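Novice: Going down the list, the sequences are from chains S and D.
The numbering used here numbers the first residue of the first sequence as 1 and each following residue consecutively.
The numbering used here numbers the first residue of the second sequence as 1 and each following residue consecutively.
Treat the hints with care, since some could be wrong.
Think about it this way: if two alpha-carbon atoms lie no more than 27 angstroms apart in a straight line, the pair counts; the simulated DSS-like pairs of lysine-lysine are [to be verified]:
hint	chain 1	residue 1	chain 2	residue 2
1	S	Lys137	S	Lys309
2	D	Lys101	S	Lys309
3	S	Lys268	S	Lys204
4	D	Lys264	S	Lys139
5	D	Lys108	S	Lys137
6	D	Lys264	S	Lys257
Treat the hints as calculated values from the structure; they're not laboratory data.
A quick note: this is a predicted structure, and the numbers were derived from the prediction, not measured.
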Amino acid sequence: MSAFSNIRLTSLFLALALMIVGCSPAAPTATPEPATPISFQMSWIHEYSAAGFYTAELNGHFASQNLKVTLEQGGFVDGRYIEPIDEVISGKGDFGLSSAAAILQARADGKPVVAISSVLQRSPTALIFLKTSNIHKPKDLIGKTVAVSEGGATQLLKVMLTSQGIDPKQVNIVPRTDFGVDPLINGTADALVGWIINEGVAVKEAGLEPDFMLLSDYGIADYATLIFTTEDTIKNRPQLVERFIRATIEGFTDVVKDTDNATTATLKYNNTLDRGQQLSRLQASIPLLQPSRARIGAMDKATWDIVYKVLRDANVITKDVDVNLAFTTSFLDLVYAQ
Amino acid sequence: MAAFPLSPQPFAVVPFWNRLRTRLVLNFVFLTVGSIIIVTGITLTQLRDQSTRQVFSQLESVAELKQSQINEWLRTARTVTNLIESNLTHQTSIRPLLEKKHLSDSAKEEINTSLLQMTTEQVDQVGEERRTVDDVFVYDVDGQIVASSDDTLTNRVVTLQPYFQPSLAGDYLQSPYYDVSTGNLTMVITKSIDNSTGKLIGIMAAHLNMELLSEVTAQRSGLGETGETYFVSIENNYLLTPSRFAGYEMTRAYQSQGINEALKGQDGEGIYSNYQTPSVPVLGVYRWVPELNAGLMAEISEAEAQILFTKTSTILIGVTILIALVAASLGLVAANRLSQPIKQLTDIASHVAQGGLSERATMSQNDEIGVLAHAFNLMTDRLTYNIKELDTRLEELNATNEALRTATAKAREAARVKGEFLANVSHELRTPLNAIIGFSDMLLMGMSGELNQKQRHKMERLKENGVRLLTLINNILDITRIESRRVEIVNKEFAPRALAERLSAQMSVLAERNHLDFKTQIDPRLPELLTGDEQRLEQIIVNLLSNAIKFTEKGSVTLDFDMEADLSGWRIVVTDTGMGIPPHALNVIFEEFRQVDGSSSRAYKGSGLGLAITRNLVRMMDGFIAVESELGQGSKFIVTFPLIAKQTPVGELLEKVEA
Numbered sequence: 001m002s003a004f005s006n007i008r009l010t011s012l013f014l015a016l017a018l019m020i021v022g023c024s025p026a027a028p029t030a031t032p033e034p035a036t037p038i039s040f041q042m043s044w045i046h047e048y049s050a051a052g053f054y055t056a057e058l059n060g061h062f063a064s065q066n067l068k069v070t071l072e073q074g075g076f077v078d079g080r081y082i083e084p085i086d087e088v089i090s091g092k093g094d095f096g097l098s099s100a101a102a103i104l105q106a107r108a109d110g111k112p113v114v115a116i117s118s119v120l121q122r123s124p125t126a127l128i129f130l131k132t133s134n135i136h137k138p139k140d141l142i143g144k145t146v147a148v149s150e151g152g153a154t155q156l157l158k159v160m161l162t163s164q165g166i167d168p169k170q171v172n173i174v175p176r177t178d179f180g181v182d183p184l185i186n187g188t189a190d191a192l193v194g195w196i197i198n199e200g201v202a203v204k205e206a207g208l209e210p211d212f213m214l215l216s217d218y219g220i221a222d223y224a225t226l227i228f229t230t231e232d233t234i235k236n237r238p239q240l241v242e243r244f245i246r247a248t249i250e251g252f253t254d255v256v257k258d259t260d261n262a263t264t265a266t267l268k269y270n271n272t273l274d275r276g277q278q279l280s281r282l283q284a285s286i287p288l289l290q291p292s293r294a295r296i297g298a299m300d301k302a303t304w305d306i307v308y309k310v311l312r313d314a315n316v317i318t319k320d321v322d323v324n325l326a327f328t329t330s331f332l333d334l335v336y337a338q
Numbered sequence: 001m002a003a004f005p006l007s008p009q010p011f012a013v014v015p016f017w018n019r020l021r022t023r024l025v026l027n028f029v030f031l032t033v034g035s036i037i038i039v040t041g042i043t044l045t046q047l048r049d050q051s052t053r054q055v056f057s058q059l060e061s062v063a064e065l066k067q068s069q070i071n072e073w074l075r076t077a078r079t080v081t082n083l084i085e086s087n088l089t090h091q092t093s094i095r096p097l098l099e100k101k102h103l104s105d106s107a108k109e110e111i112n113t114s115l116l117q118m119t120t121e122q123v124d125q126v127g128e129e130r131r132t133v134d135d136v137f138v139y140d141v142d143g144q145i146v147a148s149s150d151d152t153l154t155n156r157v158v159t160l161q162p163y164f165q166p167s168l169a170g171d172y173l174q175s176p177y178y179d180v181s182t183g184n185l186t187m188v189i190t191k192s193i194d195n196s197t198g199k200l201i202g203i204m205a206a207h208l209n210m211e212l213l214s215e216v217t218a219q220r221s222g223l224g225e226t227g228e229t230y231f232v233s234i235e236n237n238y239l240l241t242p243s244r245f246a247g248y249e250m251t252r253a254y255q256s257q258g259i260n261e262a263l264k265g266q267d268g269e270g271i272y273s274n275y276q277t278p279s280v281p282v283l284g285v286y287r288w289v290p291e292l293n294a295g296l297m298a299e300i301s302e303a304e305a306q307i308l309f310t311k312t313s314t315i316l317i318g319v320t321i322l323i324a325l326v327a328a329s330l331g332l333v334a335a336n337r338l339s340q341p342i343k344q345l346t347d348i349a350s351h352v353a354q355g356g357l358s359e360r361a362t363m364s365q366n367d368e369i370g371v372l373a374h375a376f377n378l379m380t381d382r383l384t385y386n387i388k389e390l391d392t393r394l395e396e397l398n399a400t401n402e403a404l405r406t407a408t409a410k411a412r413e414a415a416r417v418k419g420e421f422l423a424n425v426s427h428e429l430r431t432p433l434n435a436i437i438g439f440s441d442m443l444l445m446g447m448s449g450e451l452n453q454k455q456r457h458k459m460e461r462l463k464e465n466g467v468r469l470l471t472l473i474n475n476i477l478d479i480t481r482i483e484s485r486r487v488e489i490v491n492k493e494f495a496p497r498a499l500a501e502r503l504s505a506q507m508s509v510l511a512e513r514n515h516l517d518f519k520t521q522i523d524p525r526l527p528e529l530l531t532g533d534e535q536r537l538e539q540i541i542v543n544l545l546s547n548a549i550k551f552t553e554k555g556s557v558t559l560d561f562d563m564e565a566d567l568s569g570w571r572i573v574v575t576d577t578g579m580g581i582p583p584h585a586l587n588v589i590f591e592e593f594r595q596v597d598g599s600s601s602r603a604y605k606g607s608g609l610g611l612a613i614t615r616n617l618v619r620m621m622d623g624f625i626a627v628e629s630e631l632g633q634g635s636k637f638i639v640t641f642p643l644i645a646k647q648t649p650v651g652e653l654l655e656k657v658e659a
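Chain D on its own, in the form it takes in the complex (with noise of 0.2 angstroms):
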């Protein structure tokens, strides 16, 4: 039994991200602490959108409230500007002396007494705590002040202050500008003062307090740490509110990107750069306040708008972290539960399969492994059960060859002495057939006297029978020589042609004796020399045409020496027209002892041994019989010979005839 191919580690390593335990470990981490970290990461993003639009809304009524309070300004202002407007038109003489009537000083000072007055009791006109409006003065329409109630403003020109041309146009709010004049952020209600035909004579303004708009801006509550509100002019991007940040200056151009927004006239919210410390992010909303010609901004810094969020998110994530590292660390131990038995019944297979049939599965688990172990084991008990009963057979069928091989030994030995004993009883036969022959011989030339007739007639006979009996004789001789593999091909050089005439000369006798045409044919083609064993060609040559002309009756037996078709060998060939061989019979006429028919055989002489003979002496000589038959027609022998004939060892071209 050949051994079972095992190699020294017949089971490979696994690679480590092959292997249950990573790919289980693996799979666990990225279903359970994977979806952990998807649900943390979506639970985080929400709130921090919550906590955005949170601080937005926020800001969002912050803007809103600073709004209404600027509007509820900008409306106490006008009411005010109305009332001072109105009194100084109807009880002072401001009109006389805008049409340049000439007016005493102490008239004059009396109009600025007037509007000192006014100007601070409008407190008490409408109820606020303090004056919306700083003075108020009058100009002509060639922008000359005439009038005030502070004397400093008297006799200025305005005419290159930017209210100045659309105050003669009609009423006007001055959105807020830096006034080169004084140097202070300034913002002015303009109003008409017309005389009694309607044509304008002159204007009233009023600069506005801009304390106000600062302490708007300053109420920071709900704003937290950073936040703030402010307005930027439109004008040179300005502040026009103290930033709640220190080092800033009003006069300078501030940018970002809800400021730039804001001055294009837009609304909306967003997250960018502080504007002062643009590597600090706020989250801003912004809106344009068309009163004041300035962006609103209420912003607070994203770190302080988001620290609910951060403390939130801080211990969101770490116990993600932790469920991650418990999931992770539960994963591993699962793992490894899983895949220990596995591992322990590879081991286990692995000795199995090495050849340690008794090896067992241990497990006892409640589980598919255990289901595995249990049908694990029971295959082992299989396979070995299996491999007694296989070698209990081979056993019984060593026995059996064993047997076989001595009965072949003798029945080899029982023929071998067969034959021996044939081919001496054979050559103990011819000695006594030779001199009965001889005899007969002497006997018919009359060597003892001349012979009657019937005497002559029963001689012959005496002598036909006895050459008969001498070629039956050889004829087993030859079939036992070949069988105890002591006939030797001996090839040498021929003559075909010289092979062919002999035996037709021979042969026409015998057919002629029986009225038949014998004819030879020689192919030109074929070698003036061949090489073969000359004596058992013709052996076997005059075996065919014994035969073909024994069978026939009339008609013609033909002898051709032809060449192979592709020339690679030649051929004997034997026609005859005689009685034919039945399809049935054509695989049983090379056999010994045999005819094609029991009755037919007496008709004719013959032992059945020469067509056994021929076909064993062309094998032996590497050559090939075939016969084409058909009945009542005739029959044809062909002989092949490879061109040049081997010397071949008798043993191997014995092993050839018997296959």
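The shape of chain S in the complex, shown without the other chains (with noise of 0.2 angstroms):
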């Protein structure tokens, strides 16, 4: 075949793609809606525990649902922890990462955000003690050092072991330094709280071996990472949160499959984290991600009401709440609706 009938074929076909491209109803003619950006406020710094943004922005389902999603880190910057809730009433940020404590206790003085899914369905909080510890109920902890950070987690502890029938007195809590295992390591402290996923790992990580009482076992339930907004985005832009939701749960649903493709998507993120710690932390953590089965993002109401009833009858909450406000599965419901 001639190189003219080469260049006759070739403009043929490149009429009739234009020509069927032209004809196409999909065919962007006007320009496209520019995406729209969001404002996402975490409770931490960059790290394994928000993988499911990371990898939903690497895996394009952000932009697939049009929304062009900053995430913002968290943890402490000047000394100063920044608060997500504070952040998003104010209005710097769309939507936040929280724990259920923090949500009832924001409402309970007046703050209206409402939690709209739940990254880890099982708080990950727990005592954590080495093996080697002799420690394996709650009444072993008397006369015990015990490491905890002051304030709220402080106070739910105070309340297991109140519940267990062990006088707090009777335990030595002492406030946790840093965020590091080295108290367990070097004797200072018999157990800390933290989360299994992450000292419970590091022990491990120190050659160690862990052991460990989930707080939710005797009955301090909590949702330790939730995503919530204020009650006025739900309100005016309800469509956009069904958005931010859909993406979000499209990217935890990688991260349970892929593990791996997750770290490198956490990593894009903060190349100082070490790959290994943070995909064994990632592989401990998919089983309260999706515990038997369930939805990935899912919460329940009998859970809230656990979490409610334990800080206010501890009286951590000072004033009534209704949960029922606190937060709302209506996106969820969507999302699996389809």
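With the hints in hand, could you dock these two chains into one complex?
Specialist: Structure (structure tokens):
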């Protein structure tokens, strides 16, 4: 075939292709709507616990929902803890990550925040100790030194001890000064309150065998990582909320399927992290992300009720709060309806 | 004899692929080696299928065995749980405890001790070698553990455990799951505990000893070096039993074609990638085990599964190649043996074709080629004989030709001499004849005195016969000249009308004497001047008119000069109303000394040479003469000439005349 006819064929195909494109109803005749910018305030630095958000970005789930999501790092900045609830209430963030206890406290304080999905369905908060410590049940803590962050965590520990018939004074409760597991390793503490998927793994990484008691196994349930927004956003931009939740759940679904890829996504946001450490923590998180074939991101009222009851009974929350207003599963229902 | 056209290389070199030898070898290889390869291929395919089938059925029976072991294990676990529950509810104060009746710590401790004892003694109860149940615990309807064989469980809440809600509805088997509280793979059987009125007051639950599950799959007899059975949970695709391969993790989402199919609830088999090392293909049998909510996989690496087949096929392929080589060599030898004589024969044929008739094929095989060689030799013999025969005939023919050529020359010479003789004689005869006619005229004019009537009559007779004799001699002279090629046609311009008038005047006297009408017609289209030999034309016309007048007793004679219809020539037409010429005579009237009727020839004067001369003259002038006649009605002679007469050499003209 001559070059000429080649050119002719090519132009014929080109013309056909142009016709088809031109006739297609899907053709973007108008300029596409620009992606909606969203600011998401995380509760901690970039690491495995938010892997689903990085994965949603990396795998294009945000983009397919036409969202341009900025993931704002949390934690301490200049010695001040960035409180996601305050950031979202002030309008700096559209969505944020917080715990059920913090949401209920905020509502008691009159801040109109609403939880819309839970990243971890089981709380990873536990008393963590060494297997060699001879601690097997709460009563074994009597006379032992327990390191716990001051504030809400200390209060919850005391509630738990009390519920087990232990006078908190019988336990030497000391404040945690850092977030490592050194107190356990060098023996300055017999136990500490932390996350099994974080400090628990850290103990293993230090070459020691950890043991733990989940606070939730003693009735101190919590949702440690909740996605929340304001009542205004839910009322005025419900479709935006749905799109964000849909993309996020797709992100976490990918995390469960492929922790390697999720770790890669995480390290894109924070290259100072150790890949191995992030991967093992992420793998430890999977049963909490999706226990027993649960729907990823799901919450249930029973757990919320328990959380509220514990906090209110212990007078950690000093005012009555309507739990039903603190969270909504309507967006999850929409996402899973399809 | 013309040379036989032989190219310098009479037999072209046969292209390689067309050569008999090549084709024979190829055919042999295709037929023999091809069929060997096909047979080997089919055998290998079947062998492979068979071996695969065998492996699959082996894996199938292993999977069957594992499944039955699991069923047996679960059956035992249920029996043990039932036994413990029965003992618990009958022998301890568990019901009061669940009904929130105040019990002393020692009473509570007693229940725990009892539970522990029942857990440790289960081996004796069902005759198992080890514990089926790890520990037993009892929780109230709020999910709070009130008694346990393991005191670290006491006071825990199980509301978030997956079995809690189902256990409130009835006895339940919790399929394996990853228990966040312990970090272990866990399976639970629950039993409802009712009060005396049948109301649910609590649940007894037993953690199953998961080691047994691992032991079932750890048994790998019949699975070779790479084979294994394992369970994959529907929960996060976690392994329920350890992998035999290093580097595995229980809590990792494993995927493979078999795993995915099994977790969709399908049983089957296939060749697919290993779940841990996708580059390794495995033969796998998979089935869905609903009690465990898991897939049971029995797999073996394809390489190991096919090892026997691989060995067999290597040998088979080796033997095939060997046979193929031998067959190809035999084919080559056979092809050589078959094609060599043909090549020899071709060479000999080539020699023979180039004239080497003495060559003979020397093959003496006892086959078709031998017969062919023999036939070829016979053919060459025959060819040699025929060529000799032809040579003899050719010599004879040459001799005959030579004789004929001499005879012809002699005949020609004789004719020429005859002609010359005739011409000379005629010439010699004319001189005295002219004298006779001259003296006759003088006597008739009375130069020797007045003649009487009788003398005059006799003298007139004398002159008349003298003139006829002169005419005859002139004619003979003419024909002789013509035949001896001494007539020359001299073409020049002449006026046809003048010719016609002159002849008309001359011939009308003759016609009147015979009481005939004489007419002359000239076609107005006739050119004023024509080119031709006027003297010869005149002779032709006079001849034709003389004949017409001579053979017409009454009526008319007409001379016409006209043009051919297409104007390419002109014609002289002489028409009479005479006796006509019979059809059989039309062809001969132009021959010498012929008149139509021998009898009538005597009645008419004339030598019979006139028309012959006329025809010869016409031909010499590039003309054409024709006659149309009807007996008793008259004749019409038509002489046609081309409009421009050609100056033609006499020799050439004569050849035409002869033709």
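Novice: Given the hinted pair D:Lys264 and S:Lys139, is their Cα-Cα distance within 27 angstroms?
Specialist: Violated - the C-alpha atoms of S:Lys139 and D:Lys264 are around 46 angstroms apart, more than 27 angstroms.
Novice: So if I understand the rule, the pair passes when the alpha-carbon distance is 27 angstroms or less; does D:Lys264 with S:Lys257 pass?
Specialist: holds (16 angstroms)
Novice: Please verify whether D:Lys101 and S:Lys309 have alpha carbons no more than 27 angstroms apart.
Specialist: holds (25 angstroms)
Novice: Quick one, are S:Lys137 and S:Lys309 close enough, alpha carbons at most 27 angstroms?
Specialist: Distance ~23 angstroms between S:Lys137 and S:Lys309 Cα, so the pair holds.
Novice: With a cut-off of 27 angstroms on the C-alpha distance, tell me whether D:Lys108 and S:Lys137 pass.
Specialist: Given that 27 angstroms is the threshold and the Cα spacing comes to 17 angstroms, the pair holds.
Novice: Within 27 angstroms, alpha carbon to alpha carbon, are S:Lys268 and S:Lys204?
Specialist: OK: S:Lys268 and S:Lys204 at ~25 angstroms, within 27 angstroms.
The earlier numbered hint that this structure contradicts is number 4, and it is the only one.
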